[in-house]
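Take the sequences, apply the hints, and build the full model.
Protein chains: 2
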Amino acid sequence: MTVHEKLAAEAPRHATDVPSDVAEIAPEHPEPGSLDSAALQDALLGAWAEDRRTARALVRDPRLHRDPLLGMDEHRERVLGQLGVLVENGAVHRMFPKEFGGDDNHGGNIAAFADLVLGDPSLQIKAGVQWGLFAAAILHLGTEEHHRRWLPGAMDLSVPGAFAMTEIGHGSDVASIGTTATYDEAAGEFVIHTPFKGAWKDYLGNAALHGRAATVFAQLITKGVNHGVHCFYVPIRDEDGAFLPGIGGEDDGLKGGLNGIDNGRLHFDQVRVPRTNLLNRYGDVAEDGTYSSPIESPGRRFFTMLGTLVQGRVSLSLAATTASFLGLHGAIAYGEQRRQFNASDPEREEVLLDYQNHQRRLVDRLARAYADAFASNELLERFDGVFSGRADSDADRQELETLAAAIKPLATWNALDTLQETREACGGAGFMARNRIPQMRADLDVYVTFEGDNNVLLQLVGKRLLTDYSHEFGRLNVGAVSRYVVAQASDAIHRAGLHKAVQSVSDGGSERRSANWFKDPEVQRDLLTDRVRAKTADIASTLAGVRGKTQAEQAAAFNTRQHELIEVARNQGELLQWEAFTRAVEATRDESTRTVLTWLRNLFALRVLEEDLGWLVAHGRLSSQRARSLRGYVNRLAERLRPFALELVEAFGLEPEHLRMDIATQAEAERQAEAHAWFEARRAAGEEPEDEKAVRAREKATRGRRG
Amino acid sequence: MTVHEKLAAEAPRHATDVPSDVAEIAPEHPEPGSLDSAALQDALLGAWAEDRRTARALVRDPRLHRDPLLGMDEHRERVLGQLGVLVENGAVHRMFPKEFGGDDNHGGNIAAFADLVLGDPSLQIKAGVQWGLFAAAILHLGTEEHHRRWLPGAMDLSVPGAFAMTEIGHGSDVASIGTTATYDEAAGEFVIHTPFKGAWKDYLGNAALHGRAATVFAQLITKGVNHGVHCFYVPIRDEDGAFLPGIGGEDDGLKGGLNGIDNGRLHFDQVRVPRTNLLNRYGDVAEDGTYSSPIESPGRRFFTMLGTLVQGRVSLSLAATTASFLGLHGAIAYGEQRRQFNASDPEREEVLLDYQNHQRRLVDRLARAYADAFASNELLERFDGVFSGRADSDADRQELETLAAAIKPLATWNALDTLQETREACGGAGFMARNRIPQMRADLDVYVTFEGDNNVLLQLVGKRLLTDYSHEFGRLNVGAVSRYVVAQASDAIHRAGLHKAVQSVSDGGSERRSANWFKDPEVQRDLLTDRVRAKTADIASTLAGVRGKTQAEQAAAFNTRQHELIEVARNQGELLQWEAFTRAVEATRDESTRTVLTWLRNLFALRVLEEDLGWLVAHGRLSSQRARSLRGYVNRLAERLRPFALELVEAFGLEPEHLRMDIATQAEAERQAEAHAWFEARRAAGEEPEDEKAVRAREKATRGRRG
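These protein sequence lines are chains V and E, in that order. For reference, each letter of the first sequence is one residue, going 1 to 707 in full-length UniProt numbering. For reference, each letter of the second sequence is one residue, going 1 to 707 in full-length UniProt numbering.
Bear in mind the hints are in silico, worked out from the structure with no lab data behind them. Hints may be right or wrong, so weigh each one.
Since the list gives no way to pick out one identical chain from another, each pair is judged satisfied if it fits inside one copy or across any two copies.
Said to hold, decoys possible - Taking lysine-lysine and the DSSO-like style, the derived pairs with C-alpha atoms no more than 27 Å apart in a straight line are:
1. 519 to 549
2. 693 to 549
3. 223 to 197
4. 693 to 463
5. 549 to 98
6. 223 to 700
7. 549 to 463
8. 223 to 549
Note that the structure is predicted; figures quoted are calculated from it, not measured.
This is the structure:
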């Protein structure tokens with residue numbers, strides 16, 4: 001709150017001059033500085049706010065901060081050391097069972113883990129590799145004996161481990177990996193083998209240097225049958241760090257970011273491990289080679305095993321949101337201090353945030369960051385429900401998967417966009433490493449393709465929408481959509497759903513009536529919901545047209561709508577964000593705070609609609625007149641929120657030790673004050689040279705009088 | 001052409017299966033591999049293709065390549081050494097007068113300079129600082145004696161120099177810089193002084209370490225009058241690299257990119273230079289302190305002096321375009337080889353570029369990169385016209401300024417977007433430094449805010465549009481727009497301009513007729529032109545409403561439309577790109593090549609319209625029915641172009657030594673072939689284990705028969 005308090009005295013009071021269209025719902029306009037920051041912070045930090053505050057307190061420690069000048073090798077060593085600090089502080093064991101020193105606290109674990117991004121994203125992700133992937137695989141895919149043997153070493157970092165799933169040839173399509181684990185009955189061992197270069201494991205954190213063991217995913221083959229992908233615990237290096245026999249690898253070297261992590265490749269040449277190294281919770285092989293599993297369907301078994309990966313997606317959604325707030329905090333604090341160009345006053349330049357374009361660049365994105373935060377928090381609650389066992393039916397798990405597949409792409413892409421825009425909004429200062437934004441962006445870049453490529457995840461959401469829509473449409477069986485269902489539903493959408501939209505479409509040209517309509521949450525909900533349903537129905541009709549055709553024909557038809565399917569999945573994610581945002585608004589008790597939060601939710605909603613205006617108008621959801629009035633209303637919303645921008649971004653609770661940015665200090669305000677005082681003093685002393693333009697004007701006037 | 005030739009044999013032949021709506025204009029569909037690559041390359045490289053080829057040949061030299069593992073200090077030294085290589089090869093002197101060993105070749109100089117980005121963007125920009133800014137200031141702002149004294153040292157790098165214009169407190173608003181140069185009549189010297197911290201020069205290449213002199217911009221004060229910003233030649237370091245008396249500075253340290261350049265700060269404490277160190281082409285001070293200038297108006301004088309900066313904007317447009325092609329070359333080559341997910345064939349995974357979404361990600365951006373190239377080439381020609389003196393009237397110079405202010409923002413933002421999308425399209429591989437895209441993106445990041453912040457430049461374009469529109473609207477005098485002109489023009493736009501659009505709006509629901517309409521270049525031109533005119537008129541009407549009001553009221557009114565003004569400036573840039581693209585299509589002789597280039601231009605145009613669909617429909621420029629058909633047509637265009645994608649990107653002529661990316665080699669194709677052969681061999685030998693799903697299906701069938 002430091003920067004805000006200092007600026008509060010001279011904060012602009014734009015909101016008092018509001019357009020008439022809001023006067024009726026908010027007769028008493030909130031004053032900047034009057035928001036209930038503590039309540040906002042609780043809402044932003046979610047159900048595990050205390051775990052996050054603990055993590056944030058820890059990450060104030062300079063030992064956990066990134067030093068951007070370190071070369072790759074030194075950065076890797078530093079981050080390994082930082083993992084040790086986490087262990088010392090018991091910061092990474094919340095998710096593990098109490099008997100191993102953990103807390104059985106899944107939600108709090110992820111919440112706390114995500115905020116490590118404030119120290120260094122490499123630290124966050126390397127911790128994620130060690131505890132969220134390697135140790136978690138032992139925990140979730142192994143059974144009691146495995147836990148006893150391997151969890152302690154994984155937890156206390158005495159055995160750094162790699163999570164060997166991805167291969168050079170297969171990332172998101174895990175089912176197609178090439179590594180094999182063939183059971184040798186005579187020896188009672190599995191033989192782990194890499195048959196070709198494309199099956200080399202790749203991009204694995206801890207693989208290049210530090211890993212002593214790996215949880216290796218491979219096709220389990222016994223008695224001539226491939227039972228699909230299973231996970232094996234495989235020691236890979238000896239005490240001296242040398243590869244064990246049959247194991248080789250390569251260093252991935254420098255990357256676009258996250259260079260504190262030693263990503264690398266691994267390959268296996270007929271490497272033998274005991275039968276009991278199979279992490280056998282969901283599939284086991286008896287001594288005689290007989291395979292058994294508690295889950296009969298190979299497909300469901302595969303997705304259950306992979307389901308443990310969802311925590312990565314949840315944590316990335318949260319971490320990306322934290323990064324968005326970091327960038328916004330810096331750019332908004334700077335935008336409140338920096339002045340540039342004389343617009344309204346020849347004596348004093350304009351504050352950047354008073355420019356409309358600057359408001360649209362930053363306040364719009366602040367609204368979206370709030371949406372990201374609320375949606376990520378709801379995702380985390382659902383995750384905790386499933387992993388704690390409180391709500392872990394098949395339906396719950398599927399719901400969680402879909403939610404994560406919708407929220408993670410949006411939150412991570414939004415973070416990259418926000419970091420870029422905030423960097424540009426600070427000009428050259430934004431490009432300096434001392435202001436951290438470019439490095440943060442570089443590190444987060446890969447968040448959009450790892451732990452599930454965003455475009456692939458959105459297709460999962462899209463397929464789920466189609467499934468839900470038709471109730472007959474199977475995961476890959478695109479032909480199952482009946483024409484009947486599609487035809488019915490398309491009609492239904494035109495008839496119902498948009499009652500509000502249809503009923504009040506004649507605003508008689510009144511911008512005020514139009515604005516009142518746009519800010520009605522039922523209208524927003526209808527528009528956002530209907531958009532998803534209508535696009536889904538339209539795509540389903542294409543697929544229904546190839547029902548019963550060959551796989552190739554069905555795939556070709558599907559491919560003609562792939563781009564739109566991904567779009568509708570994004571739209572669904574935006575709807576989920578809107579719903580989470582609206583619940584957060586409704587839960588807010590303080591009236592001023594709720595009013596401002598409502599404006600912010602409206603800004604989020606209307607920006608989303610503005611981006612898809614063509615579809616909305618062309619498909620009759622918005623009249624042309626309303627569409628034309630939307631931009632002005634969005635502009636005014638951003639302007640109305642502008643005096644609250646710093647307060648709203650500070651509510652996220654980042655402290656100077658988290659920010660570590662020049663632009664978030666008072667440095668620019670001090671420079672502005674110094675320059676202003678210098679000019680004032682010179683004018684007062686009569687030392688200011690006259691401007692040539694003024695001299696010329698005076699001379700001209702003199703000549704005029706003479707002539 | 002290597003990758004393409006190797007792949008040509010197995011290239012997909014999607015284009016033979018085209019939708020019926022194109023059959024009539026292109027009865028003979030071009031075959032992939034049939035394009036006139038040489039003609040395409042000539043068109044892409046523009047009027048100074050030979051200078052670019054010379055530069056590209058030079059930049060194949062490994063000494064000029066970036067080593068991404070170097071730390072900041074080593075990188076800076078390497079780049080300084082690279083400048084020496086440029087001097088040795090006479091690669092940077094084309095723009096200078098013949099008497100100093102140059103070539104008087106302005107266009108060729110910028111064309112060649114821009115392609116240095118292929119070696120290392122730091123090399124390009126540091127060369128830009130030395131020759132394009134420091135030496136160019138001596139050349140363009142100095143007179144004969146200055147040329148003789150200082151050009152040789154600047155040209156041969158014996159005097160590395162900084163271009164000291166930007167200050168901590170002022171970037172784009174150069175007129176407001178705080179540094180003063182006060183003439184001391186008694187001593188016959190200028191006193192250069194930094195009055196406060198905000199007036200420290202900042203972000204200057206060569207300032208932190210290597211610079212021996214600087215061209216310093218300061219407010220020229222003599223006889224108590226400030227004559228505005230002028231440029232002075234100021235030695236800053238001695239032979240040992242120590243600051244001269246009164247001069248101090250700071251190292252900017254690590255940045256988000258371009259770390260091969262030693263950016264830094266400079267400040268001056270009453271530093272004295274001889275009167276003759278004023279670069280006095282546009283303004284001089286006599287011994288007695290009398291100021292004189294060949295340009296009477298201080299405003300015009302200022303803009304003339306700054307006009308020499310335009311070459312930076314021209315070169316960034318070209319360099320950014322080259323970077324876009326680099327990313328696209330890698331991602332398209334990889335997208336032709338990489339396979340992922342079994343969609344149409346259970347035995348063989350799909351090639352990435354066969355996915356619709358991948359086409360929309362890459363082919364759309366390839367079309368835009370072509371537009372960037374053609375528009376940048378036209379900008380370069382206009383630049384050469386002005387700087388060679390062939391066409392350098394005031395109107396020419398203004399036209400050049402506006403064109404540069406429109407094209408540079410688009411080309412540089414497009415490059416960042418393209419590099420990001422191509423990196424994501426390659427998944428984890430795209431994030432590896434060995435594939436260069438992330439580092440290239442990091443280096444180019446600052447291109448969008450330096451040499452004129454993109455948002456500021458677009459406002460210049462917007463103001464020019466308003467000026468042109470009203471013929472009465474002055475640069476800052478927003479009140480000068482007459483209501484009359486605005487009212488007339490708005491009507492006129494609705495009556496004329498869109499004749500094609502209005503006349504054929506009833507397609508009777510035929511997608512084919514709609515597609516024919518969209519691909520008509522006159523329709524595209526009308527839509528793109530009218531969009532700019534209508535939005536400009538609308539903004540002008542707001543400004544006309546505050547005619548005669550106070551500066552503050554006018555500024556407030558202007559601010560309510562700032563966001564839209566920047567948008568219309570972008571739209572103007574897109575129109576300029578479309579026109580350049582269309583001229584390039586028309587100049588293409590080979591019929592197949594022209595057909596494919598026409599498709600590409602249509603894709604560019606329709607993507608631009610698709611992004612602004614809401615405006616177009618809400619303002620009656622497109623019927624809802626046409627708007628709904630647009631997406632399908634764009635999808636089909638991208639699909640039709642897909643078989644030509646590699647050929648089109650290779651036509652830009654980047655060779656392996658320029659690309660230096662694993663993804664642009666045959667490595668992935670070889671891995672795919674190896675994996676495929678391994679599975680084939682195992683199947684042939686009967687060694688492939690049976691899939692559990694198949695076993696279960698067989699057992700179920702057996703049970704069924706038994707039952």
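Status of each hint after checking the structure:
| no. | hint | in the structure |
| --- | --- | --- |
| 1 | 519 to 549 | neither (46 Å within a copy, 33 Å between copies) |
| 2 | 693 to 549 | between (79 Å within a copy, 22 Å between copies) |
| 3 | 223 to 197 | within (26 Å within a copy, 77 Å between copies) |
| 4 | 693 to 463 | between (67 Å within a copy, 22 Å between copies) |
| 5 | 549 to 98 | neither (54 Å within a copy, 73 Å between copies) |
| 6 | 223 to 700 | between (103 Å within a copy, 19 Å between copies) |
| 7 | 549 to 463 | within (19 Å within a copy, 58 Å between copies) |
| 8 | 223 to 549 | neither (36 Å within a copy, 89 Å between copies) |
In this structure, the earlier hints numbered 1, 5, 8 are contradicted, and the remaining ones agree with it.
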